[in-house]
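Protein chains in written order, with our numbering: chain A, 2 to 103; chain B, 74 to 776.
Derived by calculation from the structure, the hints in this document are not laboratory data. Worth double-checking, as some hints may not be accurate.
To be verified - Below, computed lysine to aspartate or glutamate pairings styled on DMTMM-like, alpha-carbon distance capped at 20 Å:
id : chain 1 : residue 1 : chain 2 : residue 2
1  : B       : Lys102    : A       : Glu25
2  : B       : Lys350    : B       : Glu397
3  : A       : Lys28     : A       : Glu81
4  : B       : Lys258    : B       : Glu296
5  : B       : Lys162    : B       : Asp311
6  : B       : Lys534    : B       : Glu450
7  : B       : Lys465    : B       : Glu442
8  : B       : Lys350    : B       : Glu322
9  : B       : Lys102    : A       : Glu92
10 : A       : Lys10     : A       : Asp49
11 : B       : Lys465    : B       : Glu756
12 : B       : Lys102    : A       : Glu83
13 : B       : Lys102    : A       : Glu81
14 : A       : Lys37     : A       : Glu92
15 : B       : Lys102    : A       : Asp78
To be verified - Some chain A residues well away from chain B (every beta-carbon gap over 10 Å; in silico):
id : residue
16 : Cys31
17 : Asp32
18 : Ala33
19 : Lys37
What you are looking at is a predicted structure, and each value in this text was computed from that prediction instead of being measured. We put the CB at the ideal spot given by N, CA and C, even for glycine.
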Amino acid sequence: VNKSEVSCKLYVAGQAPNSRRAIENLKSFCDAYLPKRHVIAIVDVLVDAEQALADRILLTPTLLILSPAPVRSIVGDLSEVEILLQILGPEIDMADTLSERA
Amino acid sequence: VTDLRDDLTRLVAELQDAHRRLSEATGGKVDAVLLSNAGPVLLPAAQRELLRSEAEQRQFAREQAAILDALPAHIALLDPDGQILTVNKAWRDYALANGYSGEHLGLGVNYFAVCESAQGASSGYANSTASALHSVISGNMGTWSVEYPCDTDEEPGWFQILVSPMPPDSGYGAVVMHIDISERKLAEAHAQEIKQRLETLIAESTVGILVHCNWKLIMANNELARIFGYDTKEQILDLPDFRVLYLPEERERLTATYEARLNQNDAPRHYRVKGRKRDGAVVELENHAFALDWGGKEVVCAMVTDVTAQRNIEAQLRQSQKMEAVGQLTGGIAHDFNNILMVILANAESILEDDNATPQLRGNANHIERATRRAVELTRSLLAFSRQLPLKAEHTDVNVLVVDTGNMLRRTLGAQIEIESLLADDLWPTHIDRTQLENALINLCVNARDAMPAGGRLLIKTANASLDTESVTQSLESAPGDYVRLTVTDTGSGIPPEVLGRVFEPFFTTKEVGKGTGLGLSMVYGFVKQSGGRIHITSEVGAGTTITLYLPRGHDVAGKAATPMNLAMPRGNERILVVEDDPLVREAVVLQLQSLGYLVGQAVDGGVGLEAFEAAQPPYDLVLTDVIMPGLLGGRELADAIVRRRPETRILFMSGYSEDTISHDGRLDAGIDLLTKPFRKIELARALRKSLSKAEGNSSTGS
C-alpha cells in the first residue's frame, strides 16, 4: 500500500544556531524515515515575516506538518527524534526504512 | 555624563534581564519571537551567531571573488532568465579592451539578448550557444561547449565557450565561461603545417624511407615501393613481414643487425643489402638505418637507396679504364716494334732486289719478308685496339661495303655457313675508315664461323639508329645522336656470362692455343671507339651471339672515289732530306730512297734537319720526317718551320703511330701525307710521287 506524501514547512531565522540545527535534523529524519516521499519548504522569517504572521507563527524554528491533515506544529531544533516519530509514526513505512538500512 | 552612564547601566541591566526571561520562557531551543506588531525579535544567542555568520559569508564571498578574478577565463553567472548576475575580472577587462563600458560591462545585461544580436562569423556559434543555454538552465542538458573563431585586427583568435548549470539552491541559473584557446589553436595549426610539410618531403623523397617495428612496417614512402617494384606504398605496408623484400640469404644478417641495434650493441648505420623486386629482379641497396623513439615504442628507420644502376656504371667504368691501360701498354710496344720491323723489312727487300744475291740468300730474305708481314699485321691490330692507328675516314655506304665484303666472305667461310643480309633501304652514310671497317666485319664473321664448327646461320643487318639521352646514360663513352647500326648475329655456341665482359680485352681468346691471337675483337673495339662509335655484345650459351656496332652518321655528300693505283714502282731524281732519330731506320730509308734514284740528305733530329735544309743549295724538294723525335723540334714543328721558309717544299711524315701530333681525335687532318711504319719500298715510292706531283701542280720548281 502506497503511503501518501508528507508535506511540511519549516520556519527559521536565517542561519541562527537552532534554525540551522532544525534544518539539518529535519532533512536527516526525512531521508531516514520518509525517503522520496517528502516535500520541505523552508521559510526564513528574517526575509519573509508576513508569511510567518499569516501562519500565526510565534517562535522560530517552528515546523508545520501540513499534510496529511490535520496540521500540527513542533517548536524547537527537532533534535528529539522521538517526538517526530510519535507524530509522524502512522506515515512511516517500516519496509522502506528497513530496506534503506539493509 | 555620570547621569547618562547610570541611565545606560540601568537600561542594559533591564535588557539583559528581559533577554534572560525570554530565553527561560522559550526553553533555549528558539532563535526568534514573532509578534504581529513588532516583527521578528532575535534572541541574543541567535543574534550573535548571525553577526558572526554574516562576517564569515562576506569573507567567503571575497575569497570566491578573488578566485574568480584570478582565473584567466571570462566568467559570468546568469540567473534563470539569462540576466548577468556577476562577472569576473577577466570578463570585465576583455569587455573594456574591446570598447564596452557601463552597462555593457556585464551586470544586468541579458545574455540571451547578447547571443541573439551577434553578427558576422560568430553569429552561428552564438545562436547555438543561446539554445544550449536554455537547455542547461531547464535541466535538459548537463554542460555544453563549443570552440569558435574570434579574430582580432592583428591576428586570428579562437575561444572556447563552456556553459554549466548552477545548483538548485543557488537559483537554477548557469555559469558561462569563455576561454582563450588561440595559442593552442595556433600551435595545432602550426603542428599540422609542419606535419604536412614533412609528409610532402617524405612522399617526394628520391630515397626510400621506411619505419618498422619487428619487421612490420609502420611507415613507408612511394619511392620505397618503387624500388621494390610495387605501385603504391600501401602494398608493402600490408606485408606481415617485409623481410620478404630481401634475398633469403640476407635475412639472417638483417635480423641480427636489427636486434643488435635495439639492444644498443654495435650495429652498422650504413650497410649494403640485396633486395628482390616484385618481378624477381635483384636490386642492390644501400641502407642507412638508425633506432628511433616512436610514441614510446622503439623502432628502426631506414633510408634506402637503389644503387643497382650506379654499380653497373662503376663496373663499366672499371672495365673501360682497364681497357684504356692495356691499350696504352700495347700501343707503346707496337710502336717500338714497328721501328724494328721497318729495319727488318727494308733490309729483306734490299736483299731481294740485289742482283748479286745467291738464290739461297734470296730464299732466306723471302722468308724474313713474309714473317715480317705477319708481324706487321699483328702490330696493326694492337694499334687498332689502342686506338692509335691513323684512320682515313671516308664517306662510306655501309650497305655497299657489306655486299662487297660478303662476296669475299662466302669463299672464306665455306659452304657450311649460310650468310644472310638484311640491309636498310634508306641507310644513312657514315664517315669512317673503309679498310678498317672491312677488317672489322671480316673479323666478326670469322669469329662467328669459329663459334659454329658444325655450320649455322650468319645474319648481317644494317639499320639507322637514333640514340637518345635515356639509352646513352645506361652506358659510358657514347653520346646521343644518329648512328648507323651494323649487327652481326650467329647461331653458334654463345659466350658464357662470366667471360662475356672480357671478350674485348686483347689476348683474351676462347679458342684453342694457336688458333687465334685474341686480337680480333680487341681491334674491332678499338677501331669503333676511335671512330666515335660504340660496340655492344649480347650472347646466350647454346643460342648464339650478337655484336652490334654503332657508327656515327656522316653528313658529307659523296666523297671522291679512290684514285686507281699504278702498280709499277715509280722512281725520281728529286732532292730529299730524311730526318729520323733511329739510325737503323734512317739507314734503311736512305737506302730505299737511293735505290729509287733520289738524291738523299739525312739528319738525326729536327734541329739538325732544319740547319741542313737551310744550308742546302739547291734546296730540297721534299722532307721525309719522323713525327716523334727527341729535341725541341718534333716532326710537326720542323715541317711548319720549313714551310714558312720555302712554302713549295713538300712534307711527307712517317710514323710508327700517330697520336695527336699530326692527327686530331685519331683522324688525319686533311692535306697531311703520312706513311705508317713499317712500309715497303713500293709504298714509299708511291707516297713520294703522290706528294711530289702535288708540288708540280702548284709551282714550277719541281723537276
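Keeping to a limit of 20 Å between CA atoms, is the pair of lysine 465/B and glutamate 756/B held or broken? holds (16 Å)
Non-interface label on cysteine 31/A, tested against every C-beta of chain B at 10 Å: Holds, since 16 Å exceeds 10 Å.
Mind checking the alpha carbons of lysine 28/A and glutamate 81/A for me, to see if they're no more than 20 Å apart? Given that 20 Å is the threshold and the Cα spacing comes to 13 Å, the pair holds.
Does glutamate 322/B lie within 20 Å of lysine 350/B when you go C-alpha to C-alpha? holds (15 Å)
Hinted pair lysine 102/B and glutamate 81/A, Cα distance within 20 Å: holds (11 Å)
Interface exclusion of lysine 37/A relative to chain B, criterion Cβ beyond 10 Å: holds (16 Å)
Are the Cα atoms of lysine 465/B and glutamate 442/B separated by 20 Å or less? Judged against 20 Å, a Cα distance of about 26 Å means the pair is violated.
Holds or violated: are the alpha carbons of lysine 350/B and glutamate 397/B at most 20 Å from each other? With Cα atoms ~35 Å apart, lysine 350/B and glutamate 397/B exceed 20 Å; violated.
Holds or violated: lysine 37/A to glutamate 92/A, with C-alpha atoms at most 20 Å apart: Holds: lysine 37/A and glutamate 92/A sit about 13 Å apart, inside 20 Å.
Beyond 10 Å from every chain B Cβ - status for alanine 33/A: holds (21 Å)
Is the straight-line distance between the alpha-carbon of lysine 102/B and that of aspartate 78/A 20 Å or less? holds (6 Å)
Taken at face value, is the distance from the CA of aspartate 311/B to the CA of lysine 162/B at most 20 Å? violated (57 Å)
Figure legend: structure checked against the earlier numbered hints; hints not met, in rising order: 2, 4, 5, 6, 7, 9.
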